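Asker: Residue numbers (my numbering), protein chains in the order written: chain A, 17 to 800; chain B, 17 to 800.
Honestly, I wouldn't trust all of these hints.
A pair counts as met if it fits within one copy or between any two copies, since identical chains are not told apart.
No more than 25 Å apart at the CA atoms, straight line, and that leaves these computed lysine-lysine pairs for BS3-like [said to hold, decoys possible]: (1) K685 <-> K706; (2) K161 <-> K242; (3) K124 <-> K98; (4) K685 <-> K242; (5) K280 <-> K168; (6) K572 <-> K706; (7) K559 <-> K688; (8) K124 <-> K161; (9) K685 <-> K465; (10) K292 <-> K450; (11) K280 <-> K377; (12) K685 <-> K326.
Since the hints were made in silico from the structure, they are not lab data.
The model shown is predicted, which means the values in this text are computed figures rather than measured ones.
Number of protein chains: 2
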Amino acid sequence: MASLEDIAVSAFINILSAIGFLLAFAVLRVQPINSRVYYPKLYINGLRSSPRGSMNGVLRFVNFNIWSYIVSFLSWMPEALKMSQTEIIQHAGLDSAIYLRIYILGLKIFVPLTISALLVIIPVNVSSGTLMDLKKDIVFSDIDKLSISNVKPGSERFWVHLCMAYIFTLWTSYMLYMEYDNVAFMRLHFLASQHRRVEQFTVVVRNVPQISGHSIAETVDHFFQKNHPDHYLSHQAVYNANRFAKLVRQKERLQNWLDYYQIKFERNPDQRPTSKIGFLGLCGRRVDSIEYYRQRINVLDKRIASEHQKIIKDPKAILPVAFVTFGSRWGAAVCAQTQQSKNPTLWLTEWAPEPRDVYWKNLAIPFVSLSIRRLIISISVFSLVFFYMIPITFVQSLANLEGLEKVAPFLRPVIELKLIKSFLQGFLPGLALKIFLYILPTVLMIMSKVEGYLSLSALERRAAAKYYYFMLVNVFLGSIIAGTAFEQLYYFVHQSATEIPRTIGVSIPMKATFFMTYIMVDGWAGVAVEILRLKPLVIYHLKNMFIVKTDRDREKAMDPGSIGLSENLPTLQLYFLLGLVYAVVTPILLPFVLVFFIFAFLVYRYQIMNVYNQEYESAGAFWPHLHSRIVASLLISQLLLLGLLSTKKAAHSTPLLIILPVLTIWFHKYCKSRFEPAFRKYPLEEAMEKDTMEKASEPNLNLKAYLADAYLHPIFQMLEDVEMGDIRADKNQANVSSPQITEPISTPSPHYVFDHSSSPRYQYDDDEDEDDYSPPHYVYHHDI
Amino acid sequence: MASLEDIAVSAFINILSAIGFLLAFAVLRVQPINSRVYYPKLYINGLRSSPRGSMNGVLRFVNFNIWSYIVSFLSWMPEALKMSQTEIIQHAGLDSAIYLRIYILGLKIFVPLTISALLVIIPVNVSSGTLMDLKKDIVFSDIDKLSISNVKPGSERFWVHLCMAYIFTLWTSYMLYMEYDNVAFMRLHFLASQHRRVEQFTVVVRNVPQISGHSIAETVDHFFQKNHPDHYLSHQAVYNANRFAKLVRQKERLQNWLDYYQIKFERNPDQRPTSKIGFLGLCGRRVDSIEYYRQRINVLDKRIASEHQKIIKDPKAILPVAFVTFGSRWGAAVCAQTQQSKNPTLWLTEWAPEPRDVYWKNLAIPFVSLSIRRLIISISVFSLVFFYMIPITFVQSLANLEGLEKVAPFLRPVIELKLIKSFLQGFLPGLALKIFLYILPTVLMIMSKVEGYLSLSALERRAAAKYYYFMLVNVFLGSIIAGTAFEQLYYFVHQSATEIPRTIGVSIPMKATFFMTYIMVDGWAGVAVEILRLKPLVIYHLKNMFIVKTDRDREKAMDPGSIGLSENLPTLQLYFLLGLVYAVVTPILLPFVLVFFIFAFLVYRYQIMNVYNQEYESAGAFWPHLHSRIVASLLISQLLLLGLLSTKKAAHSTPLLIILPVLTIWFHKYCKSRFEPAFRKYPLEEAMEKDTMEKASEPNLNLKAYLADAYLHPIFQMLEDVEMGDIRADKNQANVSSPQITEPISTPSPHYVFDHSSSPRYQYDDDEDEDDYSPPHYVYHHDI
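Throw the hints in and build the complete structure from the sequences for me.
Answerer: Below you can see the structure in the form of structure tokens.
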């Protein structure tokens, strides 16, 4: 077990590397050439434009002003605090602002906890001094002297820990309650102050029944005209464009290659580039690349056109789903919250997500299939969480030298080399695990997609939930109970309900040093890496080198990324769990958590202001999940403390702890009924208020024109524009731009589309399936 | 352990006693004097009236026609099958018809299960013959030779049991699905074919905020006029009449005593009755009873009048609850299913229960209090289920002779008498338990009331749920694991998750004979007692002897009772559990369950046709609960089989069983999403259809008049009638009588009220808090 010195060394290393990363960041971010890596959000919001106009030569790429380096290193923290919360909401959306409030919540909970724990629990623990009296052959670390392990079994001092557990629970609950209240208020206020948005008037209807002799469109029209006569406006059919989108994507890939070879040819006009057309360009006939790709694009163009015709003409291409728009927010709120049909599996209504938040592929899943998908995915997640070590061990055993030699005997001479052998033995097994952990978030996201949720925001929340379970079992419990998750499962099943928290509880103080180093590596140095943005930096410059020809390409190469809730929420929840579990047991861990919260708060605030670009606006829809998982952490901490104390013969105080979980569960239920409706439903009072105000201020609003085509599959937006350009005219009168991004679009023919981007026509066409396509081509007016 | 002969003897005794009860029933029911005990429902529905006109003398009371006795004994079963389901729905309501379908479901599940189990499993078990080879010192019963215990550990024959477990689960699930579908259809059809009812237009709103300077009525009017401008009609404020109702009840009690003494005086005019006015009439001054009660009634009359004035004038008497009525079913459906206010704890809306189903006392509970109440009640139910033996043991130890002698030494001479001593020792401990079990349903109902549900139907469902938990732990598990529930709890907590089903599973076959005798006593003889109606018979004749003066009193003495869902649902669920658990393990138990289902079906069908009077109509709202508890039984049976097989070394087959619970849980989730909305929500399609039809058929309907006062507290109905008689005039034009009972009312002055009962005025005043008052005075037009 690590001693205080070991911890200090580890802290020193981690702080040093964090400072190193920050220094690198300070140097890199003042280089003009990196400007689009470190300030993409400012470009997107039009607060910064290409700097080339003002500077010349090398100055365009490198910064020689030494003073600016010093400023750069010192100033990012003050810069991160520059904006007020209101400005952040305007600048980066409510989701980002609410995300930052998680760190504030962490500070609000843990600052008082840390102070009181250090002032009360540590003196009590230290002065008990049991461990010092013990024989020297059991080596206890210094950290343990500060922890509850130092208190004599049966001591009356456990009353102090008991009281502190109560105080901590009360304080945490109080803070959680206040913050939930605050976030719910922010959400309602945001929704109330929003300008008109298409999703306020739109409901997505799934499982429209197929009535023979009628088209889906007729059925939908008839049903809603009958059942919502005063409010129904129109609807937008959903086309099965997955095949079409695939063709378009395919064409885009070919277009990229064509561009690449054309540039190659321009740079070196003597030699026409050629390539092989077989597998991965490794074999097959050698052809002229430019000609070849041009031909293939031509073929594809024809297929795209015929597919488009097919979608428009074939009634089967219309899915039994529709975006139904209403004449008032009240009508939409009513339709979204009520049951429509006598058969509860038909005409399922829910609020439409924002157009850019829609995950189009999942719109066509029928009811029975949905329920089977969820069953399969829950079983898969369970297996993934508990049995993920099995395939990895298998791969590792393959990667093992003997295994490798057996599988591929021809490699034997290479493997037998001493250097390579030791490298493989030391590295390969770890690599398999590393690769698995790296692709895990992607796997979880795919699983969530299979589950059939309709919006990207819901998908991110579901993926975050799965990741949380994985971390809870494999990082938290896995570190405490040694052994694989499968062994843990075996252990859980074969232990009694009282024995489990006892065994885990007992080993908790012993693992404090491990979690301290974990926090320093993952929470301190890891966060510093986040601000450095190594991966986007490398990719941007690679793209810049090989692909970028125009400003548009440079925009395209810029990858602002997003907060990444699906990974960051579970990580944050893990820190809350660690803090709450160790608050009473080994309070010396708390300052480490605190440093993480402060540092990560600054880094993410800075990144949100300068880097990340919001993909969608869910108005803090993730908060109920965060809240309930922090409450679950509270419960876990109480049960483990109960288990720990029950081994300490503190017979007077332990039974009193049983009340805590009961109260905590009740608190959770109360919060759920008190606040959750604000995140799930849209109150009629609110809808009516906004309707009335709008009617008063804009009596002549042409709502139908405003809502038309808002929920058209993004792939059609462009084509419709060509063929139905005229009907768009009246829409421009409404001229409302809801989100800040004006025009992200992926198109069959880029050259064609970007003619449009300078016209104001697209301002409200914010619907983009950002998930399906290669990096979206953001187009900004100020830039072209 | 009981042998086959013991079971046969027990069966013989129970069948004999069941026949005895049925004979007694046959004799008693043909006596004209018992007519109102055995046919109250026919009186209520007007299918039978007082028989005295046609007969004279002793014939009025006793039947001397011997032929009729024989017919009576033989004919009740065919009589029970006389009505079709549609007729039963008309005669006794949908709840009763759906309740009977539970027995049908039982038969549908268990007839094929019994046949296949007897044909397949029993031969397999018998031919294995392990137990016969064992030494004779372990005495196995004959029953065990038919059970799974007879199969050798590790035998391949367990594959048969495994397959049967799958087949049984599939069959049960299929039947459950079909029946859920059927019941949901019946419910929707019933709701669709119902005539206009006030609850279709009414929503109950709780937690109306107190806005200073405005009355509750103004606030409600303003809010709904603003947010439901097209549909809001009016609202009915709710007065806090609990105190008023108490006074009225008090007066009624005094009136009863006055009546009693007046009759006494009439029968014996020489001596004016006197009574003591102290504690329970045992001590205090002796006064003239008639004078005394008249005086007290006078005093009370004044207090009632002043309380009435106070309620009408004091704004604080108006509770922050309102029954809001809408101009269309659509409007009400929308309001009931949506969130109204930005603050989700205010303006909580839900469907109003039928007026006669409203539990008035709970209307005034605020949101925070509700959530605290539920916490307290869940803790209490938990303690009641697991620790109920503690107080009983305490009482028993008191009732113990030494204890009694210590507490009350003066009783020693009496106790020391041998006869009394043995009586006390043999009887008292059992009596304490018996009394507890007798009052248990009442206790559970009180607990449900404290939880704050708004309707009697919801209260019955909640009480049924609590009773089910009690039976599951104390009857089912309590019989399998010997020992008190507290010991079981200790056992559960200290055993591992795999060990629990194993231990229970192993003891299951051994308890088969116990449950067989339990089914015979409780399910065969017990059901026969139900048809005999001993308690109502005795009470009716006692009342007839002492109180009844007029026909009205005779009506009042008649106690039709109701199905009693809160006790009968859990009992039925227990039989489903026993049948499913033993289907694979000891299939010989199944015929016993089958006999119960057939016999109880006949008895309850007969009773529903002739005896029980429906208190409210919930249109089968209990079915989702029943369904999910049968699914839970299925799960329990699978887990226990898993536990049992895991001790039998059937290593090949056991792991395959794990899939079953997973599939069962999925089946439950699917059914829930597929059918439950039909029981919780009201589809807009349906509402719109009925609105449209009504508008077409009755274009001039005065809905406001029809809905006015429908949800007035029943205690005011009478008073309003005096003071506001004129505004009722237009309501009589609507002249709709929804339920069959026309006028149950408890009143401050009975003499006064019954003047009204012959007028048609009250026909739609079906609102009665039947729960709060002493037996309601049913008034039937045909009878007076």
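Asker: Are the hints correct? Go through all of them and say.
Answerer: Hint check:
no. : hint          : result
1   : K685 <-> K706 : neither (31 Å within a copy, 38 Å between copies)
2   : K161 <-> K242 : neither (74 Å within a copy, 66 Å between copies)
3   : K124 <-> K98  : within (21 Å within a copy, 72 Å between copies)
4   : K685 <-> K242 : neither (39 Å within a copy, 31 Å between copies)
5   : K280 <-> K168 : neither (76 Å within a copy, 79 Å between copies)
6   : K572 <-> K706 : neither (38 Å within a copy, 57 Å between copies)
7   : K559 <-> K688 : neither (48 Å within a copy, 52 Å between copies)
8   : K124 <-> K161 : neither (28 Å within a copy, 68 Å between copies)
9   : K685 <-> K465 : between (29 Å within a copy, 20 Å between copies)
10  : K292 <-> K450 : neither (34 Å within a copy, 91 Å between copies)
11  : K280 <-> K377 : neither (37 Å within a copy, 85 Å between copies)
12  : K685 <-> K326 : neither (52 Å within a copy, 39 Å between copies)
Violated hints, listed in ascending order, are 1, 2, 4, 5, 6, 7, 8, 10, 11, 12; each of the other numbered hints is respected by the structure.
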